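J.: Here's the letter readout for the chains.
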Amino acid sequence: MKIDLTFIWTAFLQILPAIPTTLVITLVSVLAGFVIGLLAALARIYKVPVLGQAASAYVTFIRGTPMLTHLLLIYFGLPVLLDALSAQFGWGFKSASIPMIGFAFISFSITAGAYMSEVIRSGLLAVDRGQLEAAYSVGMTTPQALRRIIFPQALSVSIPNLSNSVIGMLHGSTLAFTVSVVDINAKAQIVASTNWKFFEAYIAAALIFWGLTLLIERLTAVIEKRMNLYNRGGIV
Amino acid sequence: MGAPFDLSFIFRFFPKLLDTLGLTLLIVAGSLAAGIFAGFLVALPRMYNVPVLKRFSQVYVSFFRGTPILIQLFLFYYGLPEILKLAGIDISKAPVLFFVIITYGLNTGAFLSETIRASVTAVNRGQIEAAYAVGMTGYQAFSRIVWPQALAVAVPVFSNVVLALLKDTSLAFTLGVMELTGKAQTLGALTQHFVEAYISLALIYLVISLVLERLLKLAERRLLRHEQPVSTGGGRFRLWFRLPRARSYRQLIADANAGKGGAEL
Amino acid sequence: MIKLKNIHKSFGRQQVLKGIDLTVQKGEVVVILGPSGSGKTTLLRCVNYLEKPGDGEILIGDYHLNCRHAGKKEIHALRQKSAMVFQQYNLFRHKTAVENVMEGLLVVKKLSKEEAYRRSAELLEKVGLGSRLDAYPSQLSGGQQQRVGIARALALEPEVILFDEPTSALDPELVGEVLEVIRRIAAEGITMIVVTHEIGFARDVANHIVFMDGGVIVEEGSPAEVLSRPKEERTRQFLKRITPEPNYSI
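Residue numbers (numbering that gives the first Met the number 0), protein chains in the order written: chain A, 0 to 235; chain B, 0 to 264; chain C, 0 to 249.
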């Protein structure tokens, strides 16, 4: 078996159509994860009874276990749970109607939520307490202070970590193959095994992921530059 | 899908899964050793600004951080034998575990090299000057002054890398390695009690993670004991003086942490 | 004796030292005064080669170094002739007070652990920290840290101790304790070059005062000459701006 360089290009072209699937999974899990993460972070910072502890347990569990196990648990566990509930309450709902990619969405969002809650929490805690006091001193309410003063500052410190989370989810989306979703990785497997050229196919897939990652990093740098204008001082 | 849920299976699966714990930990330990070695090798050219090698290090780090570990795993499993064959070395008979450890080692090395670099640069320049002023050579200054302090800064990030590595080992099953996850899948398929098998699996990972985290936390506390306040003695200046320091140390750690903040598999 | 000849130093295109000549006799305390940016700290750091002079010669005791061909070995040898007390103390953060003092004795002077400990403890006792041997820098006040720094320098028994604004990072109420220690050491006849803004201290302790501005030595002489009857207009301007504190308390 010799390395067939031209096949890398062929594989590259065949894998390209799978990029949107990877991006959709990444995007959905990041967006849903952000919302979950924000709620969990707030519940913990404000030590909301019950919810605060629940959020802590959720974050500990998810961060302490591989993303793959989350997917497997959701994939095998959720239908059992839903069908049981459905039978109990007569919803007439069948878990079989959930599309495969739905499991990936749900599971990855749960994973992303835990990691992002840590990112958001450390971002919020990084904002100086004096900022909140100053906001109160000009007469803002807590929600106003959070929305107008704290969140923007927290967001700008969190950008590098958020970007890492996005990249983590992009890379994590390769697990979708275990629930038969054809993303970049699964497509590479298909291309590899039908042509019996594994190495070449995975080189193509790796290059695509590498490119996407560099793109995210570049975008992050641009966003960071814009958001941190206020930090630099001087005339812009 | 599968047999009806039965709680008792979770407990019944524990001992069976724990049989493979050794293999999972072996992958972690092997990869970590390889990773520390690779990390230093890659960090040095960048710290000392060696022209061509520096560029190579950057590409290495960028590649391993820029591609999913799952892809890397397949890439090395299928690619390494072919590349080495060009050099006349035949490793097609090497055990799968070898490829797994090589891949995770190289991957971990990329993240560790960043940590090593960040921690060393995090040590205050004044510390090196003081070492020189005392009359130390460059090597003495590094080994006695910079390195111990850098180590303390590096531990939290190192801890993240180790935990990420533990979780990443769950992917080794894709190459047919019978570690924790592979075993759980087999047990699930055998008994049709998938959910119970995976709950059992998740709990085991959780406990190992927590234990590892605790151990590394202890190591960190020990290495950072010089930054801890004592409750006895000390005057009113202490408060004024220490606060900014303590904060700056946290800042350093946060900076160094930026390397691997994302979700791991 | 310390002799600096024609020391030059530039940062990029900016010339910071424009040919400094300075002689310090054994046992002398030389205080360098000057506005910020005058090059006084840079000069001091050149003596210890923490800055590499562009040109010039440095002579400390019997060791002579031409800055044009100074290799690693020469620099290392030169550094062993002097010790430095830093503005930011720069105590080794991961070592206790006594370990900080021991470090140079163990690594450079190759003393045994017991001997190094004995001498370090003695020196810390001398600077008034006999009870804080095992404290880490983070557990000490600024004044205490700086006194450890002084003990660390003393331990090496160098030809000269260089003080780089040793009190300017301190809270006002801590300045006195550090100056007192320096004054006591000076009385023992240890050669020192001190960069400071404490005019009162300079008047009391210095044998010789050097006033620098714009990278050159503007004026030098005894404290009485330079501080009370400055010849140069620039010196007068500077002294007028720094209100002397005649009763710095000890």
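Don't take every hint at face value.
[Claimed, not checked] Here are the simulated DSSO-like pairs of lysine-lysine, each with C-alpha atoms no more than 27 Å apart in a straight line:
1) B:216 with A:46
2) C:109 with C:71
3) C:94 with B:216
4) C:239 with C:71
5) C:125 with C:109
6) C:17 with C:71
7) C:108 with C:72
8) C:125 with B:53
9) C:112 with C:125
Derived from the structure by calculation, the hints contain no laboratory data. As the structure is a computational prediction, the values presented were derived from the model and not from experiment.
J.: Which hint numbers does the structure go against, in order from smallest to largest?
T.: 4 and 8
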